[in-house]
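Given the coordinates of chain A, work out where chain B should sit on it, guided by the hints.
Chains A and B, in that order, give the protein sequences.
Positions 4 to 95 (the numbering used here) are the ones given, in order, by the first sequence.
Positions 4 to 95 (the numbering used here) are the ones given, in order, by the second sequence.
Hints listed in this document are in silico derivations from the structure and should not be mistaken for laboratory results.
Warning: the hint list may mix true and false statements.
Just so you know, same-sequence chains aren't split out, so a pair can sit in one copy or run between any two.
[As the list claims (entries may be wrong)] Here are the simulated DSSO-like cross-link-like pairs (lysine-lysine), alpha carbons at most 30 angstroms apart as the crow flies:
id : residue 1 : residue 2
1  : Lys15     : Lys33
2  : Lys63     : Lys15
3  : Lys33     : Lys66
4  : Lys15     : Lys66
5  : Lys33     : Lys63
6  : Lys65     : Lys33
Treat the numbers as computed from the prediction; the structure is a model and nothing was measured.
There are 2 protein chains.
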Amino acid sequence: MSESNAVLIGRKPVMNYVLACITLFHGGAKEVEVRARGRAISRAVDVVEVVRRRFLPDVKVKKIGIGTDEMAPRGGDDTPTHVSTIEITLTQ
Amino acid sequence: MSESNAVLIGRKPVMNYVLACITLFHGGAKEVEVRARGRAISRAVDVVEVVRRRFLPDVKVKKIGIGTDEMAPRGGDDTPTHVSTIEITLTQ
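One chain only, chain A, in its complex shape:
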């Protein structure tokens, strides 16, 4: 999948990301990948559910993957920290 079809979920309101997904699909994308890390994971699920239920009922969840990213140590701590990740692939 081309990187331009990825929506990276941050701290903005859910509707910002919903609009990003809808814009990609309306622009002809067959697949959109919603990605998030850490606490934004819950918001990623919210985004997908709003897209599917309220705006684009034909969009299906093709695949959901979870994983762990290792973050560089920071602030005097020697051990790397870990953060959970999710990637939800939507298709229409």
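Below, chain B without anything else, positioned relative to chain A:
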């Protein structure tokens, strides 16, 4: 799957739920389902990642499902609210 093999994620520390999963697998469970709603969804992913990476490397993610639960209106509001859900099925 029997209900006793479900671990419902709430607001306790991640390790509490990790221990619950490990206990179920050590007790002979072939599958464990980790479930969460709303903001606890991120913690559910954390739990699964810690179980797999640190304690039980043979455990695989069999299936991940997301959805929406409708909550009864409360506090003078007439419209029902919605909350996202996740179910992660682990197998060994």
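Status of the hints after comparison with the structure:
1. Lys15 <-> Lys33: Classified as within; 25 angstroms inside a copy, 40 angstroms across copies.
2. Lys63 <-> Lys15: within (24 angstroms within a copy, 32 angstroms between copies)
3. Lys33 <-> Lys66: both (14 angstroms within a copy, 23 angstroms between copies)
4. Lys15 <-> Lys66: Cα proximity of Lys15 and Lys66: in one copy and across copies (24 angstroms, 29 angstroms).
5. Lys33 <-> Lys63: Answer is both: 11 angstroms inside a copy and 29 angstroms across each meet the 30 angstroms cutoff.
6. Lys65 <-> Lys33: Answer is both; intra-copy 11 angstroms and inter-copy 26 angstroms each pass.
Of the numbered hints given earlier, the model fails none.
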